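Starting from the known structure of chain D, arrange chain X on it as the hints suggest.
2 protein chains.
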Amino acid sequence: MDKQLSLILPRWVIPVDGRSSTLEGHAVVIENQRIKSIMPSTDALQQFPSAEQVELPDHALIPGLINAHTHAAMSLFRGLADDISLMEWLNEHIWPAEARWVDPAFMRDGTELAIAEMLLSGTTCFNDMYFYPDVVAAVAQEAGIRATVGLIVLDFPSIWAADTDEYFSKGIAVHDDTRALSSIQTAMAPHAPYTVSDEPLRQAMTYADELQIHVHMHLHETADEIAGSMQQYGQRPLGRLQELGLLNPRLMAVHMVHLTDQEIELTAQQGVHVIHCPGSNLKLASGSCRVADLIAAGANVCLGTDSAASNNDLNMLGEMRTAALLAKNTGHDAAALPAAEILKMATINAATALNMQDEIGSIEVGKSADLTAINLNHVATQPVYDPVAQIVYSASREQVSDVWVQGKRLVKNHQLTRLDLGHVLSKAEDWGQKIQQHANNAGVQT
Amino acid sequence: MDKQLSLILPRWVIPVDGRSSTLEGHAVVIENQRIKSIMPSTDALQQFPSAEQVELPDHALIPGLINAHTHAAMSLFRGLADDISLMEWLNEHIWPAEARWVDPAFMRDGTELAIAEMLLSGTTCFNDMYFYPDVVAAVAQEAGIRATVGLIVLDFPSIWAADTDEYFSKGIAVHDDTRALSSIQTAMAPHAPYTVSDEPLRQAMTYADELQIHVHMHLHETADEIAGSMQQYGQRPLGRLQELGLLNPRLMAVHMVHLTDQEIELTAQQGVHVIHCPGSNLKLASGSCRVADLIAAGANVCLGTDSAASNNDLNMLGEMRTAALLAKNTGHDAAALPAAEILKMATINAATALNMQDEIGSIEVGKSADLTAINLNHVATQPVYDPVAQIVYSASREQVSDVWVQGKRLVKNHQLTRLDLGHVLSKAEDWGQKIQQHANNAGVQT
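Sequence order for the protein chains is D and X.
Residue numbers for the first sequence follow the working numbering, so the first one is 1 and each next one is one higher.
Residue numbers for the second sequence follow the working numbering, so the first one is 447 and each next one is one higher.
Hints listed in this document are in silico derivations from the structure and should not be mistaken for laboratory results.
Don't take every hint at face value.
Said to hold, decoys possible - Straight-line distance between alpha carbons at most 30 Å, and here's what the computed DSS-like set of lysine-lysine pairs gives:
#, chain 1, residue 1, chain 2, residue 2
1, D, Lys408, D, Lys367
2, X, Lys616, X, Lys873
3, D, Lys427, D, Lys367
4, X, Lys482, X, Lys813
5, D, Lys412, X, Lys873
6, D, Lys36, D, Lys367
7, X, Lys858, D, Lys427
8, X, Lys858, X, Lys813
9, D, Lys412, X, Lys482
To be verified - Quick partial rundown of chain X residues pointing at chain D, CB under 7 Å, derived from the structure:
#, residue
10, Gln493
11, Leu600
12, Ser604
13, Pro695
14, Leu730
15, Val825
16, Tyr839
To be verified - These stretches of chain D come out as covered by chain X in the derived footprint (C-beta under 8 Å, 3 or more residues):
#, region
17, 380-387
18, 418-426
Keep in mind it's a predicted model, so treat the numbers as computed, not measured.
Virtual Cβ for every residue (Gly too), placed ideally from N, Cα, C.
This is chain D alone, in the form it adopts within the complex (with noise of 0.2 Å):
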């Protein structure tokens, strides 16, 4: 048996690639980790059949999703605190317990509690923005998935660094670090507008622009923000962020709810890649962001689920549906956001705002091979009329059966391969209880 090449044999294949619509009885051949072909089943068979097969019935081979915006570790947050709106959330539960709890060993396990949840989901490379992006790095390399690290920047000392300077100096220290790994890459993360000022801001641009990296900040997320930096700044934060300079495509700009329209005009027309979360959004009663007309404007448009702590899961299936049925809701209108859209958003589209679209997105002929397989024959997917329907409306995460990441089957029939699931289980639970225990001695509601 030839050990470079396999051959994944679904039953569908959704390329994702702009051009094709959905491919039966074809064959993805790997090689190198990478996608050697695409050719229908029986010619790959005769061509290649020494390579190793792996049968796939009753599935659709889709490109691994892409979860364009995490706060991993804070997974084991999840469901801490939930029904309030975010600067409650945030001042009175989520600030106080990070500043409790959050050192490295919070961060790795926390970090490969969600990386476990998001392979066994379906997905394959997540962008994250927290504290210890090196922790992060080192156990999404480890767990061999994809990771975007944020290098956190903020005004005010927390854990990871006590000024601007040193959230600069540690996080490219980070970037230097990661830089030889070729499944991981950084972002300057400039954490919002009401948590950073003008000059590291700037700064994080120019960065950004030296080391050829993105931007990925929080925007536009609330009523309140904008208010804020009415009160403070004089304008919307979107106006001050382009006299800063930071309106570029090197900017991924997440939330972006409460936009006029000229502000779409103007994402647009920079070039902002814009990161929707919907059930973030709906969650903690953010606003609704103007998707289907961001991308009649022409912006890039992507998903990501937030932290489990406002979501409450790490699941891109589910996010694809809500950013569905929200889209019509927003635009009053039933045809907005078809599913094959929704389903460019969860992986081409993000790809592109990673600056990774030669590398991930779709299933093409020497990209990655970064794949998921997902089983339709199941009570809630059959009949199939059309699997991207099925995928976006229908199924969940259980019907996720196989991951590859760079060629590497991370998950094999619904089992993670390197990472241990009770391992990491019970971790989880040992922190819940301790975090807990200590709101309860408190008297803190949780």
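Coordinates of chain X only, in the frame set by chain D:
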């Protein structure tokens, strides 16, 4: 071993009884299909040493979920036509497909597919409206799930009846034939204000009073429906139904979007039960039901999935989550409809709407043992700070491990005990191929 007695030993019992919060380390004792007692597990094990023991060490036990609005057999049309608005969806796709395909065999296979999906995702009771309620009742009875079958009434002929007289006579025959069945009840089901004229509406209410059953009806689903009613009747549908005497505690009004403040007051005052279908309302861009306002006014609100053709699944865990998220967006309030309120909507509130509140909807001594166990030791629900929040915001259908209806264990360790899942799926696939082929031949875009 005492065959009459079972002890269910979950980690958490969530009674939804309006008094207790979550109980830890308690057993639910079942005798003769009913809940005999709820007590600390250690006591139960001592008191009933020879009872059957069902150990669920990582699980939450909740009242069986109630899906308060379905068209179950339409699961065979799942994904046939997505991303289009209600009237085009009905006129161009669903009604022609129904005219071509619906017959007793379709009803049997479609309903069985729906029941398999519902049981496996924790639903123990559904409130159906479709053709051939006799077939739905028979299939539900065989499968062991509870059902309220709607006695459909339309102004126009269908495969089920030629005119309103026949709709009523066939419906009442179904009522008479199913009276003796403890798990099946009926409801009058005039389809909607725009498909049923005044006289049959009055008649449906009269029959409902005489038979002491409820009335199941679509109401205020879209802005078009309201505009049409203004044109045809000079008043909004709710006003028209009030004049016709339909606004009373027998009415289960499905959808109820586009309500004015006065209509919300009226709904609450008249004791009308509201069945909220957030997934369907979003997908068809119908509008958003003001659920938090209805509840504040004192209305009883419960949840339904609507059919799998407009949702696209019958998963009440997903529907609870969508309802929670959407309510925060509709009410611009992150505190709207907290998790515990949502769980009530999917259990006791629905039992009340179906006039079964003394039998099901909560875990209370004397009630029927209709129960659902959910394993929370899962990568998407660890850690567990609050089991109710994890169920509403994070759990997915794969975590439902066991389901009892009337004390019978219809799902045991994730497997159906009565229905043959492989057979159900293969029949669904056969129907899908037949329907798809016909659509292709007819040149209809599916």
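Against the structure, the hints:
1. For a cut-off of 30 Å, the pair hint linking Lys408/D to Lys367/D stands: about 14 Å separates their Cα positions.
2. At roughly 28 Å between alpha-carbon atoms, Lys616/X and Lys873/X fall within 30 Å of each other, so this suggested pair holds.
3. Taking the CA atoms of Lys427/D and Lys367/D, the gap is about 36 Å. The hint is violated against a cut of 30 Å.
4. Taking the CA atoms of Lys482/X and Lys813/X, the gap is about 8 Å. The hint holds against a cut of 30 Å.
5. About 28 Å separates the Cα atoms of Lys412/D and Lys873/X, which keeps this hinted pair within 30 Å; it holds.
6. Between the alpha carbons of Lys36/D and Lys367/D the distance comes to roughly 8 Å, so the proposed pair stays at or under 30 Å and holds.
7. Under the criterion of a C-alpha separation no larger than 30 Å, the hint pairing Lys858/X with Lys427/D is consistent with the structure, at around 28 Å.
8. Between the alpha carbons of Lys858/X and Lys813/X the distance comes to roughly 21 Å, so the proposed pair stays at or under 30 Å and holds.
9. Of the pairs offered as hints, the one joining Lys412/D and Lys482/X is violated, with about 44 Å between alpha carbons and a cut-off of 30 Å exceeded.
10. Given the 7 Å rule on beta carbons, the hint for Gln493/X is violated: about 30 Å separates it from the nearest Cβ of chain D.
11. Given hint, Leu600/X at the interface with chain D, is violated; its Cβ is 23 Å from that chain's nearest Cβ, farther than 7 Å.
12. Here the hint on Ser604/X is broken, as its CB sits about 23 Å from the closest CB of chain D, past 7 Å.
13. Using the Cβ-Cβ criterion of 7 Å, the hint placing Pro695/X at the interface with chain D is not satisfied: the shortest such distance is roughly 30 Å.
14. For Leu730/X, the shortest C-beta to C-beta distance to chain D is roughly 5 Å, which falls under 7 Å, so the interface hint holds.
15. Residue-level restraint check for Val825/X holds (minimum Cβ-Cβ distance to chain D is 4 Å; threshold 7 Å).
16. The closest approach between the C-beta of Tyr839/X and any C-beta of chain D is roughly 4 Å, which is under the 7 Å cut-off, so the hint is satisfied.
17. Check result for the region 380-387 of chain D against chain X: holds, 7 residues qualifying (beta carbon to beta carbon below 8 Å, three or more required).
18. Coverage of a stretch by a chain is defined here by at least three residues with a beta carbon nearer than 8 Å to that chain's beta carbons; for the region 418-426 of chain D and chain X the count is 3, and the condition holds.
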